[in-house]
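Letter by letter, the chains look like this.
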Amino acid sequence: MLSVLGALIWPLQAVLVAFGVSGLLQGQDIWKSGTVAAGFILLGLLRAVLGYAAEGQLFQAADGIVSATRARMVLRESLRAGPASQGAGGLAALAGEKLEMIVPYVTRYAPAQARVMVVPLVILALAFSMSWAVGLVLLISGPLIPVFMALVGFAAKAASERQMAEIGTLNDLLVDRLAALVDIRLLDAGDALITGFAGAAERLRAQTMAVLRVAFLSSTVLELFAAIGVAMVAVYCGFALLGALEFGAYSTPLTPFEAIFLLLLAPEFYQPLRDLSTAWHDKASALAVAAEIEALESDGADAILGTGGHSGALTGPAQIAGRGLVVQRGAQAIAYPDFDIAPGETLAIMGPSGVGKTSFLLMLAGLETPREGALTVAGHPLDAQTVDGWRARLAWVPQTPHFLNASLRHNISFGGDAPVDDALAAAAVSDVVARLPQGLNTRLGETGGGLSGGEARRVTLARAFYAAPDVLLADEPTADLDDETAALVAEGLLALAAKGAALIVATHDPALAARMDRVIRLRGH
Amino acid sequence: MRALWSIFRMIVADQRQAMLRGAVLSLTVLLAGAALLGLSGWFITAAAAAGLAGVGAVFDVFRPSAMVRFLALGRTAARYGERVLTHDATLRTLAALRVRLLGAYAAAPYDRLIRLRGAQVLNRITADVDALDGVSLRLVLPVGAGLAAQAVAFAALWWLVDLRVALWICGSFTIGAGLALILTVRAADAPSRRAERAAQAFRSRFVDLIRARTDLAIHGQLVVQQNAALAADQQRRLQSARLDRIERLAGLALNVVATLAAGGALWIGMTLAQAGSIGAPFAALGFFAALALAETIAPLRRTAADLGRMTEAAGRVKRDLHPLPQSAARISDEDFSTAETSTGLHVQALCYHRPGASLPVLDGIDLAVAPGEILAVTGQSGSGKSTLLLLLARLIAPDSGNIFVNKLALADWPESQLRANLMLVPQRAVLMAGTIHDNLALARPDLDHATAQAVLKAVALDQVIEARGGLNTRLGDGGSGLSGGEARRLVLARALLRNPAVLLLDEPTEGLDEATAKRVLTGIRAYLPDAAIITASHRPAETDWADRVLHLA
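If you're matching them up, the sequences are chains A and B in order. So in the numbering used here, spot 27 of the first sequence is number 27, and the numbers just go up one at a time. So in the numbering used here, spot 458 of the second sequence is number 458, and the numbers just go up one at a time.
Hint data in this document are derived by calculation from the structure and do not stem from the laboratory. Warning: the hint list may mix true and false statements.
[What the hints assert, rightly or not] Sample of chain B residues at the chain A side, in silico, Cβ under 7 Å: (1) ARG213; (2) VAL256; (3) LEU266; (4) LEU359; (5) MET432; (6) LEU442.
[Claimed, not checked] Rough simulated footprint, nothing fancy, chain A against chain B, three-plus residues with beta-carbon under 8 Å: (7) 80-94; (8) 242-252.
C-beta: ideal position from N, C-alpha, C; glycine also.
So that you can see chain B by itself, here it is in the shape it has in the complex (with noise of 0.2 Å):
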């Protein structure tokens, strides 16, 4: 529920004034559509009342009738009004919050970025965001409006009719009304979680299903795994069952309310008309305005069944909004300087465990490169190449141990000032969707043309691009339609765009034949002579490029 209302608080703090003009709004169309009905119930009444008594020709028709008019008119305009106000403001506050989403999904630690499942994510920034635009529109503004359209209500009917039938009328609703939600949300709880549990674990099963299926065929497992999938969707069903049970309970519960309500103002307004204390038209406004009154409370049923969805999306959403904070640089940017030229890269007995882990991956690592300087890190799989390349460029933090930059202790530098010195190219770097341009202009937003080419002719990508229809090329997903070493190169000469002063690379060459990686690897140093690089690899061709080699064990 806290995390329901701090979103709510942030579209109103985001879009205060249309969400107040909404409100204003859909007050009026409850209160227009009791008034119509309850209005048209009195006129039609008073005047059978006059047409029995033959005073037909006094009776003023005119004004009633023109308010029923005007209140049918208001009452449509004034909905269309309310819905596009509201609904824009929240899509707006929505919009935005999507972004902040993203943000704090890119500020996550590495460790938290490298373990995010996609379709994860993007649950979280579509499906939960949108579940969320029924905080505004189906939880407080629709709860908020009825009960002030129940009190106005009740002011008018206690002043035009009777305290009694504005007591019976307003009494039922609100009470009625209230217990059904809260009984509803409490039992609906359970069930929208479990279901919605459900629902992940058949998508994620699925998804397993589909991947690796023929894995599971072979190994006889693919009949498991289809069990598998179906009893997840088995469990769901079973508690979307339970949920629509209880949602048509709260549908019964609400319109037993209504009938009452209207019921018992009948009985209450006849049996006073007969005793003469009220007038008989004032009897059936009475019955009418609580015929409309269950305006006010048809929308919670939705709202009550959407409650538990809309609580756990909101709890997502507001954790994920807050990832656990970077080890944040001690320096601020305006306060950052650093030497003009660069003294390369040192590192003191550098000590890291993956977390959990019993044995260390790097135990007491020491190393220098200058700049100009090419070191290559040799080892085999596992033996902590990968790692120590993510220590390097903070990705990751150290257990013990020294890294300098320029003569700066890493920690200390401010993530902008860090990245444009110091650049490190994954083993699993991924192109994007877009034209080769702006691939490129990622690394180097005011990138020009003959910039571009330059870069492109260091990586020996230039011919190649050009056969392909030149730097406007556009790639599909993750850069799909380049050949694997075409999109290796080009991840490349991104990294060379940025003009680090200590680039690292992590199997700079892997995908390309030998001749072409020796090009490649050639280009790399011409185009950055002064750059400290270390490269983490395993071929020759890497290896002869350096100017010395370290060994992991």
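So that you can see chain A by itself, here it is in the shape it has in the complex (with noise of 0.2 Å):
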């Protein structure tokens, strides 16, 4: 590896220089000084350079497998069948700076334990082939590094975890308090808020202090190895130069050039040591989140059928039959009875909460997989080939809004071309959005905020007008809505199914249900 070759460099800058230091004691004068002078900077701008490379090489590694793994997580999440693993903001959190976190376990921890394999042990070499007493030294106060940087490495494991729990916890009272900040308004309670948020911040500080002075202490006795080694090799050297030491050396007594290149071989015998003890927290944050990744992607989740991306519309009139369906939710199996959906019909699902009525709408549009039974649509089967074709002559209406971070026209018509104005006119939303502040650019809250929940839902019913569907699945449609705008939304559904859409509504609402062609009551068993 570059990295290791670059440190075995120095070496032979360490040769250079003692060599033209002992010259010029000894009055030989070997090299002129210009020489010796050139020669090190050459080295060292060799070290330089291969330096440079080798962490460039390092951090392609590191990007390849952080965008790589990136790319992964946003394919599984996203065509993930059922509800999400976890919140939106913690996925997001783990596929943003959470991965990025095994960039220095790559670009640090790898070459630095790389070159503790390495460069210790040719210095130990050097050492013993010139004074077995300087050798010694090392070889003794070497090893003692791991040995003590493992017990640190216990108190830091337990330190660290304990840090990352107190992050937790700031974190979700930020999260929990900042959604509150109207209500904390009100009630005139900032003043407690704030005292509460401080307290919690100073328990972070303390955890992370924890944190730090064991990692300061562990380079600090590191430290003080290396310096107490350095500091060793020097004294001996400067006493057997002297002639008071007549051991440890196979010249006595040892020579200048000796001596002068143990000095300097000296502190980089320690360095990689110390490199990769400064890199340890960099292997125990990457491994916890290589741990949490191992996690999600090996929870055996389903992918719903299909891409979920744009294609051809599936031929054949849009009607709809199931046989022995049966979804499973967990250890809940829902058996659905058989039936048949003609084009244009207008229906709704009804029975008590949990009993199947969104999965029944999620079946049909291919994002819940039946264990049994069969689904056709259009004249075909319900499959990885058909599923997008089929999509795209659907439209659903959801039961809690979501915006994406983009102009309300956008979340309407998703980058189509035709003008929305006719889709706002037909789900009776002119006027709202006439009033906001921006218009058809305004950008909404992630759940509507700027709407109230009667528009947001009546903006959704927009976006189905815009994509002129042949079959429309709205669930719960109506629900929190007060009678004269929920009689609005019916007004809506109704008006694109008298376009000829069939409509199927999953509904606990009995006038909404009342105005549908047929009533399908799911039962438990």
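From these two lone chains plus the hints, build me the complex, please.
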């Protein structure tokens, strides 16, 4: 590896310096000072360039791993069937900044580890070749370092787990309180909030300091070993040169060349070990992230059928037939009665909460895959080949709208070219949009902040109008709306049906169900 | 840069002593390092010279070797002390900064409050503030200590060795590292901004992708959104590869500077020694000191790379620390006095436009509600019921018209007094993680058991809570663990505990069945017999409860 090679240049530089200085002492002008200095500088440049190249390779490797994992996560989590594995915020944190924690592991820890395997051994061999006493000093002090580091490592792990937990608590507290800021203002509880948060922030600081103290202590001890080692080498060399110590070297007394060379090598013996200890927590956090990703990727979740992409519409009349369908939801199996839905038919799916109404709609859209039974759409079996074409003929009104972080226009047309005015008018939201600060260019809050609940629902209805579907699936379209607004939404749905679209609504609302051609009642078992 | 500087001043102002000691210790560490290696080099070379000359017996070995040991241990101890001191001081300031930020958000105007995206604010209070630890730890302290160490080293080398050696070493380090730092910061500025923006775009697109994946899949947009998220990541990747190259170039440049400084010192020293102007041991001292002084510029590499991120974070944090001032009350708490007995609420010719919208939401509203009276405001969704309540609660300001509470203009009320006299229960009122008691105590910190029980009884929740384990039952985030109807009633109970003279309710019984709704409404009236109550309502249970109905067209 390049980084090991770079580290091994130092002994060569040391040889040059030792030759130069000892030559100076002995009055032999072996090499001109210019040659020594130029050689030293050239080797130093080579070392710097090697380091540059090595780091470049490592960064690319790390970046490759991170991007590939991130792309896998984007695909996997967006195609996951059933509910999301965790909150979108948590997933985004994992796919974003947490994943980045793998980079320092690859760029710092891994090369430090490689250097630890090679560089100290080479230096040790060089030291022994000149003076067994110096070699012995290094040999004894060197291995103490990993032993001590392992001990500190245990303490560090416990402390850093506590710190992680404290970070988690602080974040949860913040998210929770931030969502309630309006209530806090109204209750005049801002001071209490801030006092509580100050306590949590102070606990986090204390935990972080605990982690840092352990880290600083470990690097201090390392430095202490290194300093004592270097000092012992220096003192030994000094005495040996003076002839005060007659042992430990093969030439008596130690030659000036050997002494200077050994002194220059000693710090480099400890350097890789110190690098490794600095990068120690990089490893810990990378392993934690890797474990989290591993857990996510091996949870055995199913993917939805198809790609969810744009596709040419499936041909054939928009009729749907289900025979013996059973959907598995956790431990619960939902068996659906057989059904046939004709093109343009309006249908309400009713039944108590949890009986599988939403699952029914999702199944018709290929987002919930039945465990048993046959589902035929427009004369084709619904499978991975046909599902995207089938979805091109559907539109969807969700129970809780989510608006993309884009203009209202984009949220209705999804980038389509046709104007959205007709769709707005059909869903009776033209006035609502006119009242918004920037009209169609407004960016709404995630769940429609800036609109009332009924208005947000009608905007999703406008989206359905814009798609001009053959089948409209609507999940509880009138829940939580007052009677007038519910009636408006129902009018909108029926207007779409009047254009020839089949309408399938999952609902608790008897008034809405009464306006459908037919009702399917689902009963638990 | 200005923002960075003001953050640093904040840290220093907060922790002057610790920072000063930390700075002294960092300087000590650097100087001890240079002295240690320089002395060792001198000692070995001098010892070798003495050995060669055969005068080893009279050479004083003890003082230098004691110095070597002292420097080695002293340096290590100073390093530990410096790290603990400066980190502790910085973390203390950052903890205080987080608290101040949250305070600024809590005091932000209403229209900003509802548009706060939780993830963004969380980023600001956590990630951005974390990035600021570099301001003292990786920017000001290392640069300052490094410069000071170079200055001291210059003086020492001049005195001990030679002016030319001193000039070369300190000149090449300061000029070389300074140039490298400036160039790097310039080059890294744009890519680090872009990388940060791309990372935020990825986050927001990814969150959309996960939250809206059902909608997106059915509308055939899932692949488009996946690609949008991945495109943001590609952009981030491109920028961070660029940043990485700049950072590596900075590292390369700093290594080259260190090599040139040491190699040059060796050459000048050897030449001088050969000419006989200085002794060989002092030539070695210069070279070894130059090697050790590389430590003064080593931390600059990360400084240069992080500076862009730090500057951005400092800018954002500073901006959010100074939110737009609220419409400040004209009377301070001390000077405030109001009639002992409530006279209710009066509104004259109230008009309100949403900012930028062409049609007014409310146009010339007049109303009066006496103590003990209930007014129901009705109208379709979007007719302005909720907006009217927000105006009355002074969360937003009207375009024109007057509102009086207890005959005092609403705008004149000090915040704390207003909140003690007037309470709004918004449509989307939320609970918090904690016990039921914690949630109620938010409204009244000195809450006792009997009062809590009484208010729960008023909203027909006492038996439900009892069945769930009493007042100490813990709720999850956002009060999860209660059903929608139970949460609504707990929010109402919390409002009643404020004992307001004016109570504003936005669809108070949403999610409750008819019978419970009636019990709760009766309970509210009984609990606050003298309050003036306005309720924005559509269900008959609520409008029947009211004494009068105002219909908004």
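Broken hints, by number
The structure breaks none of the hints.
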